[in-house]
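Q: Listed below are the residues making up each chain.
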Amino acid sequence: MNRFEYIKAPSIDEAIDMMDSTVPEAMVTKTGGSAKVVKAAGTDLLDLIKEGILEPGRVIDLKNIPGLDKLSYDKEKGLAFGPMVTIADLENSPEVKKHYRALHEAAAHAATPQIRNMATMGGNLMQRPRCWYFRSNGHHCRKKGGTTCFAQIGQNQFHSIFLTNVCPCVHPSSLATALVAYDGKVELTGPEGKRVIPLSEFFTPSEVDVTCENVATSQEIITNIMLPPVKSGTRAFYVKHGQRESYDWSMGDVAVVMQMDGKKCQDARIVFGAAAPIPLRREAAEEELKGKTISEKVIAKAAEKALEGATPLAQNGYKVPLFKNLLKRTVTEAIG
Amino acid sequence: MANPNKKKIVLPVAPDNQAHGPVKHLHSKKVKLPYGVPGHGLTEMEREVSIDEPPPLPINEKLNVVGKRTKRADAIYKVTGTAKYTSDIQLPGMLYGKFLRSPHPHARIKSLDVSAARRYPGVHAVHVLKMEPGGSVERDSGHDAPAETYNIEELPLLRYVGQPIAAVAAESQYIADEAARLIKVEYETRPFVLELDKARQKGAPIVFEKVIEDEGNEGDVGVTAAEDQEGNLRGPSTGSFLGGPRGDVEKAFAEADFVLEREFRTQVQTHCCLETHGVVADWQPDMLTVYASTQNTAGVRDDLAELFGLPKSKVRVITEYMGGGFGSKFGAGHYGVMATILSKKAGRPVKLMLSREEEHISAGNRPNSHQMLKMGFKNDGKITAIDLTSYGTAGVGLGAGVGRIAQDMYECPNFRTAQYDVFTHAGPGAAFRAPGNVQGVFSVEQMIDEAAERLGLDPLKYRDVIDKHEVRKLMRLKGAEAFGWEYKKPGSDPGPIKRGFGMAQGQWTRFINLNSSATVRINKDGSVAVMSSVQDIGTGTKTILAQVVAEELGLAAEDITVKIGDTLYPDGPGSGGSVTAGSITPAVRNAAYKAKMDLLGQVAGAWDVEIGDLEMKNGDVYSRSDSSKKMSFGEAVKKMRTNQIMATASRPDDYGGFEIGNGIGYGRLGSVQFAEVLVDTETGFIKVERVVAAHSCGRPLNPMQVESQINGGVIMGVGYALYEDRILDLNTGHQINANLDQYKLPYSKEIPKIETVIIEHYGAFSSTDASGIGEPANIPTAGAIANAVYNAIGVRLYELPMTPQKVLTALGVS
Amino acid sequence: MKNDSKERSPEKKKQGVSRRAFLRGAGMTTAGTVALASGMLSFKAAEPAPPKTAILGPGETEVKFMVNGQQRTLWIEPRTTLADALRDHLHLTGTKVVCDRGACSACTVWLDGKPVNSCMTLAVDVEGREVTTVEGLARDGELHPVQEAFIEHDASMCGYCTPGMVMSCAGLLERNPNPSLDDVKLATSGNLCRCGTYPKVFDATLAAAKKMKK
Amino acid sequence: MDSPTRYCRYLRGKNAYGTLEGGDKPFLNFDPATTTYWCLHTMGPVGPDSQPAHLTTCGNDKRKCFAVPKEREEL
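Protein chains in written order, with the numbering used here: chain A, 1 to 336; chain B, 1 to 814; chain C, 1 to 214; chain D, 1 to 75.
It is worth saying that the hints were derived from the structure and are not from the lab. Errors might be hidden in some of the hints.
Said to hold, decoys possible - DSBU-like cross-link-like pairs, simulated, lysine-lysine; straight-line CA separation at most 35 Å:
1. 110(B) to 198(B)
2. 62(B) to 297(A)
3. 64(C) to 30(A)
4. 64(C) to 98(A)
5. 63(A) to 211(C)
6. 305(A) to 806(B)
7. 524(B) to 314(B)
8. 297(A) to 264(A)
9. 68(B) to 64(C)
10. 97(A) to 214(C)
11. 290(A) to 77(A)
12. 213(C) to 84(B)
13. 210(C) to 97(A)
14. 328(A) to 687(B)
15. 68(B) to 97(A)
16. 98(A) to 210(C)
17. 378(B) to 251(B)
18. 64(C) to 753(B)
19. 30(A) to 301(A)
20. 211(C) to 478(B)
21. 62(B) to 211(C)
22. 629(B) to 32(B)
23. 114(C) to 488(B)
24. 64(D) to 374(B)
25. 64(D) to 110(B)
26. 71(B) to 213(C)
27. 498(B) to 305(A)
28. 114(C) to 68(B)
29. 292(A) to 185(A)
30. 84(B) to 71(B)
31. 71(B) to 64(C)
Construct the entire structure; sequences and hints are all you get.
A: And the structure:
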């Protein structure tokens, strides 16, 4: 770990003032200990620093800023939580469990119980991909400003099957899969003030900028995460599939949020995690469900549609049937 | 149980270690020892033993401490965090070491400059490894030496990512890490080869340009054999201590009713010791003291004494607690030697513990294998011939054979094997819990399963036809009972999630390390200690030593202080090969018996009775013939003429001698495991629900600890079967999952319900008649799971680990 | 090993250096000065605790927090993890570092009562908070029921994962006195044991829960 | 597959059942297929002359690193 300065930010405004780069920028353009970056719990940040692929000059801690760890639920407004809410807070929230089943499931299956007690939702959404080449100091890959994608030509069994052209890493947040399915929004605060954007637009594929995974700019901090209220008839579920049931990264995870009228599906949002560099909406599959009475046949058709356009790599073709089956199970479980 | 297959034993040993039969003792006595399995025709065996031997121990049922579930002696220190491991040692003035390692799989060093590292504040010593005899030990004269540019001829050719180049010692780990990065190296990279199959091909990059053979010594290993294979290939190994090829294999295949021929592949597994390899070395003018995370304190001492030209008496190696070895922690290690050099240079103690990444890439692994197995069968089930050709790579090292399962487990008159080592540009292998046998079971036991199906037999019953091992037969019986074994047609479950049952068995040779000694000391205050350099690597050695001494002296296990893991005490065995319990406990019992006789002699004098009339039991010393003569142990020791009674004993030969010599005992440690799995045919996910593990380890000294070790073997087998895999990037030679995040091991939810069946089996071999269990517990698991997976889905998997990816591919879904 | 090299107040700083270390340091001119800058021989004059918005580090800075019920003061660099602070500076080596990345939970301690990974926590981040390590689990000489049950059920082998396992399992019982086997598996689902003590860890924890209810 | 009776004092090995002593002591060549070897000088499977450390190669006094076995007495 490199030596760095440390400061506890007393307020969001001051934190924004103090910081000068996002972590991706610190890894690519502001290298050599010059970057000033913010940290929440620091579980991912410390990981990157320990690997020697991030060398910040100053770390600005957000934990002392009051009010960022609040979670609230309102029947009209929906769910809102601050960036310092931990994964365990979400997992243990009765409101989340009751109204946002897919989010609860995603929280309950993330990382380890210890990490869930520490890791914050802000940090979770901002964390860097787990691609083993990206995490290795011995591989200067595209995401770190290099010219080679080692995964495309190397070991890619856990990589993307969609949007694989530039960088086939998968987005590391399995919670994001559920949040995007619920049409969550994120509030970013920067020097110019606040902006609210849908999470589906917050995450950006490698084609936009291979070195980062979202639209946050050098001096922006996530200050709120919001989910719309759930209506009656909302059915949701989330399934994560890792090689292990205990602590493991996802090989594939699926979140489904459906608006049901009896057996008939009025609206559906289907999101794949660990399938692409972003949490990936499967609109074509959603269309297959909308307006239909859900049957095994309809689900199977949707599953086929969901995998259209997949471009698996040399070692991850198995993810295609895996996702098909996971989607079938998630929808079946959601409508229960 | 002599090996029925044995036609001719070729002794792979020099004349002074020749085999010998029953030992003739100058002063001997005949004793009767329990023999067989209680409840299953237990009898007695008469043996002629030295008169120094203690009287035979009855079966466990008749004992007070041995054979009883006894709390682990050091558990309290482990659960309170007070146990000090090597990694916890802090000495005044201690420095921290860090290696610079090769980032390339094959490269020559063009230039190397350590001056910046040497000048870095807080650095006290820098050492560069050089490739000439003696040069690697002491060349660099200390921390104030001028910057040196090294002659590239002296620097090693780099053959794997992670090969050590140099190391620094500094005042903190941070400083050491930073300084190591300041060593400037220019590399000339070379073509490399990582894959087993590619390394065998013509034109593959060569790992060792020219192999020097020792003339007149080209035996079984060392010659490149097959004509169409080039370079990078050594072998084949065609025999072992169990003999060489036998019978006429080709003829037997021709005469067989059917022949099965299959290819199997197993992966590279890394040991993942939770405490990484490492030492704290403290070089002092009068004594080199090394705290080492090792399975063999005496071995580390011997290595360091030899290398540094020190008398063994001036090297002390201490291993009070160690966090896992699994075969990989033998010898001083490159880290141990380096820490010693750095300590000598800096004049301060140096701690050098490998990082987690270094542990994966440089501290050993279980080599992979590609096995071509061919077996011929008669319609009555008899195996007519076995032919096994295997290739495996231990990277730049050797020892990638697949063990002796095919050769030794089933009766078969015609056998042949050719096991080749293949060099690749990867980190060297190391012994790993039942080296070879785990790989061997995966192929042989799947083929036996397949033959059973072909014969229309229940695979469990089929083994009764072909397996002559009596104890294993009992294991099958009792294990099947506990498991509720019922043969189910493969792939017969409806629905996407299919249940399967499978079983497999294993074998391990009983082996004794005769260089096993211990001292028992009785103090006048009534305290008792047992001492040996043998180490407790987590198996529970401390506890069983306490039990054995307590049983002999009529005390409780917690009355005995166990001081082990220190070479100041008598030499104990290294803990590998499941030899520890069988090697050290007879020495300990014999030492306790000697000390007891000494004490009783003094008591007998005071009471004026015959020594043979005295007994020690339940904390008392008493006369069998005169009930008035009785006192507590505490009172008895007051009769001692001196403040201490001390007795030392060493492991005698097995009662009845050795099968082959060199501590290779008669009998095989068999094992049988049953597995129940669920296979999700839509996701490829396999879950091991339940395992029944039936084992024997001679006399079980502490059934609770035996259970723990069996659990551990099974769980490690689950990891090997389903999750673990060292993944190398083929373009850079780096292990990309050199962590515990992507190198996948079983955690809590992957743990099946495990039931152990322990067969108490007496062989009349020694004063404790105990054997080890570490290896046998790990041998059959992956094979049993593979057979259960086949039973579930009706499609056989020939390659480990059985990942979702492989299951889906095998099912033709992907 | 009571010489806290990094935990010192001005008046006890000299005691922090053992005679042996001092002699060795004195014999080495270059090493001696270097040691003063960064190593075990370094002392720092007493400074008032910096205001909380001050920039700390990158050199050593003062951090205070509670460890096992006692207020401890450390001088450490901001990059120091809680695990390293406990092990190297407070000599509380019961907490083990195995993967150093939050993937094995051997380093589990309780932070304000919740199990966390001390290897992924900066020591400066726990300023003013309460840390419980495996050494602090026993109270008034009485082992925690989980510790007792671990001994009773042989739930440790090499013992290296044990402190983390104990902290995970005791942590579970603190918040759920009536756990099922699945709850125990969930609580230890981030704890790696290579020896394979899991079945006995499960047994021990369930037995401890029963005992605690009595 | 008789074992050589003489080989370098710095050669060490481990087979499945334990360590093998080096120097003048005969190697216990139980199962060559699963035995790993190392050189004390490099503590790796390669000798100082960059050739593999092995029972069949380390008895060769033409190897420049070969050291004559010496009685290693307990002092």
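Q: Hint by hint, say whether it matches the structure.
A: Status of the hints after comparison with the structure:
1. Distance check on the hinted pair: residue 110(B) and residue 198(B) sit about 28 Å apart at the alpha-carbon level, within 35 Å; holds.
2. With a C-alpha separation of about 68 Å, the suggested pair residue 62(B) and residue 297(A) falls outside the 35 Å cut-off, and the hint is violated.
3. Simply put, residue 64(C) and residue 30(A) have alpha-carbon atoms about 32 Å apart, close enough for the 35 Å limit, and the pair holds.
4. For the hint linking residue 64(C) to residue 98(A), the alpha-carbon distance of about 40 Å lies beyond 35 Å, and the restraint is violated.
5. Proposed proximity of residue 63(A) and residue 211(C) is contradicted: the alpha carbons are some 38 Å apart, above 35 Å.
6. At most 35 Å may separate the alpha-carbon atoms for a hinted pair to count; residue 305(A) and residue 806(B) meet this at roughly 25 Å.
7. In summary, the hint linking residue 524(B) to residue 314(B) is supported, as the alpha carbons are separated by about 30 Å, within the 35 Å threshold.
8. As the CA atoms of residue 297(A) and residue 264(A) are separated by approximately 14 Å, the hinted pair is consistent with the 35 Å bound.
9. Between residue 68(B) and residue 64(C), the direct Cα distance comes to roughly 49 Å. Violation of the 35 Å bound is thereby established for this hinted pair.
10. Among the hinted pairs, residue 97(A) with residue 214(C) is consistent with the structure: their alpha-carbon atoms are about 32 Å apart, no more than 35 Å.
11. Among the hinted pairs, residue 290(A) with residue 77(A) is consistent with the structure: their alpha-carbon atoms are about 25 Å apart, no more than 35 Å.
12. Restraint check: the Cα-Cα separation between residue 213(C) and residue 84(B) comes to about 33 Å, which is no more than 35 Å; the hinted pair holds.
13. Our distance criterion of 35 Å between C-alpha atoms is met by residue 210(C) and residue 97(A), whose separation comes to about 28 Å.
14. Proximity of residue 328(A) to residue 687(B) is assessed by CA-CA distance (about 21 Å); at most 35 Å being required, the pair is judged to hold.
15. Distance check on the hinted pair: residue 68(B) and residue 97(A) sit about 49 Å apart at the alpha-carbon level, beyond 35 Å; violated.
16. At most 35 Å may separate the alpha-carbon atoms for a hinted pair to count; residue 98(A) and residue 210(C) meet this at roughly 30 Å.
17. Between residue 378(B) and residue 251(B) the alpha-carbon distance is near 13 Å, which keeps this suggested pair within the 35 Å criterion.
18. In summary, the hint linking residue 64(C) to residue 753(B) is not supported, as the alpha carbons are separated by about 45 Å, beyond the 35 Å threshold.
19. Proximity of residue 30(A) to residue 301(A) is assessed by CA-CA distance (about 48 Å); at most 35 Å being required, the pair is judged violated.
20. Our distance criterion of 35 Å between C-alpha atoms is met by residue 211(C) and residue 478(B), whose separation comes to about 33 Å.
21. Taken as a hint, the residue 62(B) and residue 211(C) pair is honoured in the structure, with Cα atoms around 32 Å apart against an allowance of 35 Å.
22. For the proposed pair residue 629(B) and residue 32(B), the alpha carbon gap of about 29 Å is at most 35 Å, so the pair holds.
23. Simply put, residue 114(C) and residue 488(B) have alpha-carbon atoms about 47 Å apart, too far for the 35 Å limit, and the pair is violated.
24. In summary, the hint linking residue 64(D) to residue 374(B) is not supported, as the alpha carbons are separated by about 43 Å, beyond the 35 Å threshold.
25. Of the supplied pair hints, the one linking residue 64(D) and residue 110(B) holds, its CA atoms being roughly 23 Å apart against a limit of 35 Å.
26. With a C-alpha separation of about 24 Å, the suggested pair residue 71(B) and residue 213(C) falls inside the 35 Å cut-off, and the hint holds.
27. Restraint check for residue 498(B) and residue 305(A): satisfied, since their Cα atoms lie roughly 27 Å apart, inside the 35 Å limit.
28. With a C-alpha separation of about 38 Å, the suggested pairing of residue 114(C) with residue 68(B) is violated against the 35 Å cut-off.
29. For the proposed pair residue 292(A) and residue 185(A), the alpha carbon gap of about 28 Å is at most 35 Å, so the pair holds.
30. This hinted pair checks out: residue 84(B) and residue 71(B) have alpha carbons roughly 19 Å apart, not beyond 35 Å.
31. Restraint check for residue 71(B) and residue 64(C): the C-alpha separation of about 39 Å exceeds 35 Å, so the hint is violated.
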